[in-house]
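Protein chains in written order, with our numbering: chain A, 1 to 444; chain B, 1 to 444.
Hints should not be assumed to be uniformly reliable.
Pairs count within a copy or across copies, as identical chains cannot be separated in the list.
[To be verified] In silico lysine-lysine, BS3-like type, Cα no more than 30 Å apart, as pairs:
#1 Lys332 to Lys191
#2 Lys186 to Lys68
#3 Lys68 to Lys191
#4 Lys234 to Lys186
These are calculated hints, taken from the structure and not from any lab test. Every value quoted in this text rests on a predicted model; they were computed, and no experiment measured them.
There are 2 protein chains.
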Amino acid sequence: MPTTQPHIVIIGGGFGGLYAAQHLKHAPAQISLLDRRNFHLFQPLLYQVATGGLSPANISAPLRAILKTQKNTSVLLAEVVDINPQARTLSFRDGESLSYDYLIVSTGASHNYFGNAHWEKHAPGLKTIEDATEIRRRVLLAFEAAERESDPILRQAWLRFVVIGGGPTGVELAGALAEIAHETLKDNFRKINPADAEILLIEAGERILAPYAPELSEKARLALEKLGARVKLKTAVTDIQAGQITLKYQEQSEELKTQTILWGAGVQASPLGKVLAQGTGVELDRAGRVKVEPDLSLPGHPEIFVIGDLACLIQDGKQVPGVAPAAMQAGKYVARLLQQKIHNPQVKSTPFHYLDKGSMATIGRSLAVVQVGKLQFSGLLAWLMWLFIHILYLVEFTNRLMVLMQWGWNYLSRNRSARLITGETKLPFNADVVVPVSELSPRV
Amino acid sequence: MPTTQPHIVIIGGGFGGLYAAQHLKHAPAQISLLDRRNFHLFQPLLYQVATGGLSPANISAPLRAILKTQKNTSVLLAEVVDINPQARTLSFRDGESLSYDYLIVSTGASHNYFGNAHWEKHAPGLKTIEDATEIRRRVLLAFEAAERESDPILRQAWLRFVVIGGGPTGVELAGALAEIAHETLKDNFRKINPADAEILLIEAGERILAPYAPELSEKARLALEKLGARVKLKTAVTDIQAGQITLKYQEQSEELKTQTILWGAGVQASPLGKVLAQGTGVELDRAGRVKVEPDLSLPGHPEIFVIGDLACLIQDGKQVPGVAPAAMQAGKYVARLLQQKIHNPQVKSTPFHYLDKGSMATIGRSLAVVQVGKLQFSGLLAWLMWLFIHILYLVEFTNRLMVLMQWGWNYLSRNRSARLITGETKLPFNADVVVPVSELSPRV
Numbered sequence: 001m002p003t004t005q006p007h008i009v010i011i012g013g014g015f016g017g018l019y020a021a022q023h024l025k026h027a028p029a030q031i032s033l034l035d036r037r038n039f040h041l042f043q044p045l046l047y048q049v050a051t052g053g054l055s056p057a058n059i060s061a062p063l064r065a066i067l068k069t070q071k072n073t074s075v076l077l078a079e080v081v082d083i084n085p086q087a088r089t090l091s092f093r094d095g096e097s098l099s100y101d102y103l104i105v106s107t108g109a110s111h112n113y114f115g116n117a118h119w120e121k122h123a124p125g126l127k128t129i130e131d132a133t134e135i136r137r138r139v140l141l142a143f144e145a146a147e148r149e150s151d152p153i154l155r156q157a158w159l160r161f162v163v164i165g166g167g168p169t170g171v172e173l174a175g176a177l178a179e180i181a182h183e184t185l186k187d188n189f190r191k192i193n194p195a196d197a198e199i200l201l202i203e204a205g206e207r208i209l210a211p212y213a214p215e216l217s218e219k220a221r222l223a224l225e226k227l228g229a230r231v232k233l234k235t236a237v238t239d240i241q242a243g244q245i246t247l248k249y250q251e252q253s254e255e256l257k258t259q260t261i262l263w264g265a266g267v268q269a270s271p272l273g274k275v276l277a278q279g280t281g282v283e284l285d286r287a288g289r290v291k292v293e294p295d296l297s298l299p300g301h302p303e304i305f306v307i308g309d310l311a312c313l314i315q316d317g318k319q320v321p322g323v324a325p326a327a328m329q330a331g332k333y334v335a336r337l338l339q340q341k342i343h344n345p346q347v348k349s350t351p352f353h354y355l356d357k358g359s360m361a362t363i364g365r366s367l368a369v370v371q372v373g374k375l376q377f378s379g380l381l382a383w384l385m386w387l388f389i390h391i392l393y394l395v396e397f398t399n400r401l402m403v404l405m406q407w408g409w410n411y412l413s414r415n416r417s418a419r420l421i422t423g424e425t426k427l428p429f430n431a432d433v434v435v436p437v438s439e440l441s442p443r444v
Numbered sequence: 001m002p003t004t005q006p007h008i009v010i011i012g013g014g015f016g017g018l019y020a021a022q023h024l025k026h027a028p029a030q031i032s033l034l035d036r037r038n039f040h041l042f043q044p045l046l047y048q049v050a051t052g053g054l055s056p057a058n059i060s061a062p063l064r065a066i067l068k069t070q071k072n073t074s075v076l077l078a079e080v081v082d083i084n085p086q087a088r089t090l091s092f093r094d095g096e097s098l099s100y101d102y103l104i105v106s107t108g109a110s111h112n113y114f115g116n117a118h119w120e121k122h123a124p125g126l127k128t129i130e131d132a133t134e135i136r137r138r139v140l141l142a143f144e145a146a147e148r149e150s151d152p153i154l155r156q157a158w159l160r161f162v163v164i165g166g167g168p169t170g171v172e173l174a175g176a177l178a179e180i181a182h183e184t185l186k187d188n189f190r191k192i193n194p195a196d197a198e199i200l201l202i203e204a205g206e207r208i209l210a211p212y213a214p215e216l217s218e219k220a221r222l223a224l225e226k227l228g229a230r231v232k233l234k235t236a237v238t239d240i241q242a243g244q245i246t247l248k249y250q251e252q253s254e255e256l257k258t259q260t261i262l263w264g265a266g267v268q269a270s271p272l273g274k275v276l277a278q279g280t281g282v283e284l285d286r287a288g289r290v291k292v293e294p295d296l297s298l299p300g301h302p303e304i305f306v307i308g309d310l311a312c313l314i315q316d317g318k319q320v321p322g323v324a325p326a327a328m329q330a331g332k333y334v335a336r337l338l339q340q341k342i343h344n345p346q347v348k349s350t351p352f353h354y355l356d357k358g359s360m361a362t363i364g365r366s367l368a369v370v371q372v373g374k375l376q377f378s379g380l381l382a383w384l385m386w387l388f389i390h391i392l393y394l395v396e397f398t399n400r401l402m403v404l405m406q407w408g409w410n411y412l413s414r415n416r417s418a419r420l421i422t423g424e425t426k427l428p429f430n431a432d433v434v435v436p437v438s439e440l441s442p443r444v
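All chains, full assembly: derive it from the sequences and hints.
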C-alpha cells in the first residue's frame with residue numbers, strides 16, 4: 001500500500017468530469033478538478049439562455065459550491081494546454097504544471113464548421129454561456145434593426161433567421177425562435193409585426209432528429225411548422241458570408257439574405273484529443289475524438305481515461321453518443337474503477353456499458369418528442385416528461401427552485417424575461433444598412 | 001388646435017424617462033422613447049448583480065415589454081449624439097436624425113474620476129449591467145487567484161478589496177463583499193480561507209452616508225465592521241495603479257497592494273448636458289448637470305425638459321438629489337405639464353416640487369438604515385422596510401416574483417447562486433503574478 005494517497009486529476013467540470021469527481025467522494029485519494037470556468041454548465045438548457053427564457057445563472061452552478069463538502073477534492077481554475085503521459089504531468093496556459101497518478105480527460109467538444117472556420121463569425125454556435133448571450137444579442141438586435149429599417153428587402157433580411165442543423169440544438173433553437181416571433185414579442189413593435197419573421201431550419205439529411213424513429217422526426221417537423229418555422233430537408237449549406245447564406249437543394253443553388261445565422265451542426269472534439277494523440281500515438285476519429293479501450297482508458301496508458309464527448313467508443317456496433325447521460329455514466333464508471341485500482345492496481349476491469357435510457361428533444365411550449373427504446377411519445381405528455389427529467393437532473397444543483405419558478409412564470413405569462421441585449425453593441429447595427437430619416441419619426 | 005399630434009421625444013429609459021413615458025399614456029401625442037439599451041435597469045439593485053446575488057435579467061425589464069400596450073408610444077434603440085434646439089432635431093450616432101416638438105432629456109450620469117480618467121480601468125464603477133458583471137468577474141477571480149497563489153504577500157493582495165466612496169453604492173458593495181467572504185464562500189476553497197479577505201471602505205469625508213443623520217452613519221459603520229469590513233474615514237485616494245492604491249490620511253501616505261478596487265465615488269452627468277449647453281448657452285454645474293428652470297425646462301426653451309440625474313435644480317436651498325424617486329417624480333411632473341401644454345400652449349406652469357419620502361441604504365442580510373424626515377430606523381426593521389419598498393417598486397415590472405424568490409432562496413440558503421465568471425478571462429489572471437508549481441498539486 002502506498003503511504004501517500006494517489007493524486008487523481010480531472011480535466012473539465014462538465015457532466016463527465018463532475019460526476020467522476022462526485023463519485024470519488026469516498027476514495028482514498030487527492031482529487032483535483034480543473035476547469036477554465038468556475039462553474040458547471042447545464043448544457044441541455046443552453047438554448048433557453050440563447051432565447052431569453054432563462055438567465056445564465058439559472059443553468060450554471062459554481063463548481064466550488066457543488067463540491068464544497070467534498071474534502072478530498074480541490075477545484076482549480078486553470079486551462080490545460082499540454083499533457084505529458086511519460087512524466088505524468090500537465091501544463092497550464094500560464095506556464096505552470098501539475099503532476100498526476102491518474103488522469104481523467106473530460107473536456108468535451110465544440111462546433112465543427114467542416115473546414116469553413118471563417119463561417120463562425122457569421123454563424124455562431126451554441127456551446128458556452130458567452131455563445132448563448134451572443135446569440136440572444138443577435139436575435140433581439142435583429143428585431144430592433146428591422147423596426148428601424150424602411151427598405152422592405154433589408155427589413156426582411158433582419159427578420160429572416162436561419163438555423164443550421166436538424167439535431168436537438170437546431171430543433172430547440174428553431175422552436176424557441178418561432179415562439180419568440182409569434183408569442184413573446186407580440187405587440188412589442190410599432191412598424192414591424194414580429195410574426196412576419198421567417199425561421200428556417202436547414203438539415204442536410206432526409207429528416208430532422210435523425211437518431212429518433214422516423215415517425216417522431218416527422219412529428220417534430222410538423223410541430224415546428226405549426227409553430228411557424230420552416231424545415232428545409234436535404235438542403236446543404238454551401239456558403240456563408242456577412243448578411244447572406246447559400247443553400248443547395250438537389251442541384252439547385254439558392255442565395256438568401258439574412259442577418260442572423262445560427263450554427264447547430266457538427267461536433268469537433270476538444271484540442272486535448274490531439275494533444276493526447278501526439279503524446280501517446282492513440283488514434284482519433286474524424287471528429288477528433290480519442291479511440292479508447294472498452295474500460296475508457298487510453299490504449300497503453302491504463303492510468304489515463306477519456307470520457308464524455310471527447311471519447312470515441314463503439315458499443316454493439318454503434319458509437320456511444322455524445323450526450324449528457326453517456327458522460328455521466330462514464331464519469332461514474334471511471335470513478336468506481338479507480339477506487340478498485342487504488343486498492344488493487346492489478347484489478348481487471350469490466351468494460352464500460354452505456355445504458356441508453358432514451359432521448360428527448362423539446363420543440364416548444366408543451367411540445368416535445370421522447371423515445372425510450374421502442375416506445376415513442378410526443379406532444380404534451382412528452383413535454384412534461386422532458387420537463388420532469390430536466391428538473392430532476394438540476395436537482396443536484398442549487399438552481400432547481402429558481403428554474404422551476406422561472407419556467408412556471410414564463411409558461412403562464414408566455415413571457416421571456418431575460419431579453420437583454422448585453423455586451424458590446426455598436427450602433428448602427430450594421431454599416432451596410434442605413435435607416436432613412438423619414439421612417440423614424442411618426443411625424444416627419 | 002393642431003391637426004397632427006405633437007411628437008414628444010424622450011431620451012433615456014431610466015426612471016425619469018420611463019415614468020415620463022408611462023404618464024403620457026393618455027396624452028394626445030406621439031411619443032418616442034429612445035435608449036441605447038433595450039431594457040430599463042433597476043439601478044438600486046445593481047450591486048446585487050455585482051456581488052452574485054441576482055442575475056442581470058432579475059433587475060432589468062425590456063422597455064418594449066413594459067410599454068407594449070401603450071399604443072401612442074414607440075421605443076427606438078438609438079444613441080443620441082447631438083441636439084439642435086433651433087431646428088428641433090436630434091442626431092443619432094448612426095447619422096440618422098429625428099425631429100421633435102417637445103423633448104425630455106433623461107440620460108442620467110456616470111462615474112466621476114475627478115480628472116483621473118486613467119484610474120477607471122483599475123477601479124471600475126457601477127452604473128451598467130456590464131459594469132456589474134465585470135465587478136463580479138473581478139471579485140470572484142480574485143479569490144480563485146488567491147487559491148492558486150503561494151506567496152503570502154501576493155495572496156493577500158488578491159484577498160484585499162478596496163471600495164472607494166462611502167455613499168450608498170460603496171456601503172452596499174462593501175457589505176455584500178464582507179458577506180461573500182464570510183458566508184457565501186465558506187468551505188469553498190482548500191488553501192485559502194475566504195474570511196481572511198480584507199474589505200476596506202474608503203471615505204474622504206468624516207462619515208459614511210453623509211446625507212443621513214450622524215447616528216445612522218455611525219450605525220452603518222458599526223454594522224459594516226461587524227460584518228467584517230473596515231471603514232477608513234477622512235481618507236483620500238491620491239493614486240491608483242495596476243495592483244496598487246495610495247491613500248492619504250491626515251498628512252500620511254499609505255500604499256496598499258490590492259488587485260481589486262471598486263469605484264463608488266463621484267457623479268459625472270451624461271455628455272448630452274454639454275451638448276445642450278453648447279446649443280443653447282445654458283449653464284452646467286461642476287458635475288456637468290444642466291441648470292434648469294423651476295419647471296425643469298431649459299432656460300429659453302420651454303419645449304425642452306431635463307430630468308433625473310442630468311438636471312441641477314436647487315429647491316429650498318438644497319440640490320434635488322440624484323436618486324430614483326426624484327427622477328420618477330420629475331418624469332411624472334413633466335408628463336402632466338406637457339399634457340396641459342398640448343391643450344393650452346400658453347399655460348403657466350407651477351414649479352416642480354421634489355418630495356423627499358426618505359432614504360434607505362442596505363448594509364447586509366437583515367441590516368439597513370432608513371431615514372424618513374426626522375425618523376430613523378436601523379437593523380432588521382429597516383432592512384424589511386428596504387426590502388418591502390424595493391419589491392414594491394419592482395412590482396411595476398415583470399420580475400418581482402423572481403427577485404422575491406431569488407432573495408428568499410439566497411436568504412435562507414445564505415447562498416449567492418449567480419457567481420459566474422463570464423466574459424473574457426485570459427488565464428493566467430495577471431502576468432505579474434506567477435503561481436509556483438509546488439503549490440498546485442497536493443502531492444508535489
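Each hint, compared with the structure:
no.	hint	result
1	Lys332 to Lys191	between (55 Å within a copy, 27 Å between copies)
2	Lys186 to Lys68	between (45 Å within a copy, 8 Å between copies)
3	Lys68 to Lys191	between (52 Å within a copy, 13 Å between copies)
4	Lys234 to Lys186	neither (32 Å within a copy, 55 Å between copies)
Checked against the numbered hints above, the structure violates only hint 4.
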